[in-house]
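Peer 1: This is what each chain is made of:
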Amino acid sequence: MANEFPPNDIRKVWQKQKPEGIRMSVEEIRKKAVRFERKVFWENALNYLVGFAGVALLSLCLIWHSLGALVRLGFGLILVALLYMLWHTHRQSPFRRVPPEIGTVSCFEFHRRELERRRDLHRTVWRWSLGPAIPGLLVFMAGVAHMSPWCQAMRGLVVFDLMFGAIVVFAFAYAWRESQWRALKLQNEIDKLDALRGQH
Amino acid sequence: MPAEAPTQDVLYQETADTYGAALERLARAYEVDAEVRRDLLQDIHIALWRSLARFDGRCSLRTWVYRVAHNTATSHVIRQHRRNSRTLVGLEELEGIPDHREGEMSADWREALERLLELVQSLKPLDRQVILSYLEGLDAASIGEITGISPGNVATKIHRIKNILAQRFQEGGRHGK
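In order, the protein sequence lines correspond to chains A and B.
Letter 122 of the first sequence, counting from 1, is numbered 331 in the numbering used here, and no numbers are missing.
Letter 94 of the second sequence, counting from 1, is numbered 126 in the numbering used here, and no numbers are missing.
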């Protein structure tokens, strides 16, 4: 029957595709690899730029004497937290997009490791992002309360701390919940993969 | 830039000569858009060239090449999937989905290829890796080595693939007559 494609013929259909003949010499590959890495660098650089803008702003606040010692100390601690966060993010997602294990591990393992890496990044968001910022924020709040004449009155102090604290708690709780939800979704994907390996 | 070992270049050239067409087919199965596909193919070649510096012969060169290609392409699919959120299905689900073009099937190889590509592109990464390896003519043991899933599971998946292909192409052929 001419109209039928038994599975073996389907393999032939697949293998006899007309190639577009895209070939690259080693020299071209080398050049493209350099260009490619530069492109990846600039893509990442945009993220770092935002981080470093924060670092620059906090550094300016540090040398601004009229802010008061306690506020500046708060900014200093937030700056340290931000630098730690940038370092952690950099370590977790390095510039190069070709991981060293790409050919040594199976596709299953490679995919699973990638999912695990992303899951852990979300799961540990307290440790590398939210948590380290808390001491600085507390010192900053105390510093502002201490220096502001309006806040020096007990009522003002309570109102300021409550308002600022509520905003920070809300933002942190939202970020944490979002991260945990993403981590859970990734864990589900990992479980599905594991179930697949467990079969047979 | 540090100089790469000459063996890496030689090995890459040999690999590109042997597997160049297979890599093109693989890229076609992972990316519909022609422009993006060229970029993906370039990424695969760059990843391959880079990875060959670490090739130690512990697995066959063919296994290495397919692992690198599938891993690069899968990462690409995951990145694209986050942007366009297209729903991908597993082989188990695909067995129960009727082909919307059933009855229009003709003996035209080009049309068969288009349908096959459509089918492959709708699959989840691991199933896509298995079906592509099967289509490339690899045996179950090699597919298991590349994908990392058990031989029993590979056998089940191949059985499903054969069923799906028979359903879609043989029955379609009969309808079309």
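Read the hints as simulated data drawn from the structure, not as lab findings.
A portion of the hints provided could be inaccurate.
What the hints assert, rightly or not - Computed far set for chain B versus chain A, every beta-carbon distance over 12 Å: (1) Val64; (2) Asn103; (3) Gln112.
To be verified - Simulated crosslink set (BS3-like; lysine-lysine; CA at most 30 Å straight-line): (4) A:Lys248 x A:Lys225; (5) B:Lys194 x A:Lys227; (6) B:Lys194 x A:Lys241; (7) A:Lys221 x A:Lys240; (8) A:Lys225 x B:Lys194; (9) A:Lys221 x B:Lys194; (10) A:Lys227 x A:Lys241.
No experiment lies behind these values; they were computed from the predicted model shown.
Heads up, the beta-carbon is just placed ideally off N, CA and C, and yes, glycines get one too.
Peer 1: Against the 30 Å threshold, does the CA-CA distance of lysine 248 of chain A and lysine 225 of chain A hold or violate the hint?
Peer 2: violated, 35 Å
Peer 1: Could you grab the alpha-carbon distance between lysine 194 of chain B and lysine 241 of chain A and see if it respects the 30 Å cut-off?
Peer 2: Distance ~39 Å between lysine 194 of chain B and lysine 241 of chain A Cα, so the pair is violated.
Peer 1: Taking the minimum C-beta separation from valine 64 of chain B to chain A, is that value above 12 Å?
Peer 2: holds, 15 Å
Peer 1: When you look at the beta carbon of asparagine 103 of chain B, is every beta carbon of chain A farther off than 12 Å?
Peer 2: violated, 5 Å
Peer 1: Need the status of pair lysine 221 of chain A, lysine 194 of chain B: alpha-carbon distance at most 30 Å?
Peer 2: holds, 14 Å
Peer 1: Non-interface claim for glutamine 112 of chain B: all C-beta distances to chain A beyond 12 Å?
Peer 2: About 14 Å separates glutamine 112 of chain B from the closest Cβ of chain A, which puts it past 12 Å; holds.
Peer 1: Straight-line Cα separation of lysine 194 of chain B and lysine 227 of chain A no greater than 30 Å?
Peer 2: holds, 24 Å
Peer 1: For the pair supplied as a hint, lysine 225 of chain A and lysine 194 of chain B, confirm whether the alpha-carbon distance does not exceed 30 Å.
Peer 2: Given pair lysine 225 of chain A, lysine 194 of chain B holds - Cα atoms ~19 Å apart, limit 30 Å.
Peer 1: Would the pair lysine 221 of chain A and lysine 240 of chain A pass a check requiring their Cα atoms to be no farther apart than 30 Å?
Peer 2: violated, 36 Å
Peer 1: Does lysine 227 of chain A pair with lysine 241 of chain A here, judged by a C-alpha cut-off of 30 Å?
Peer 2: holds, 25 Å
In the structure shown, a violation is registered for the earlier hints numbered 2, 4, 6 and 7, in ascending order.
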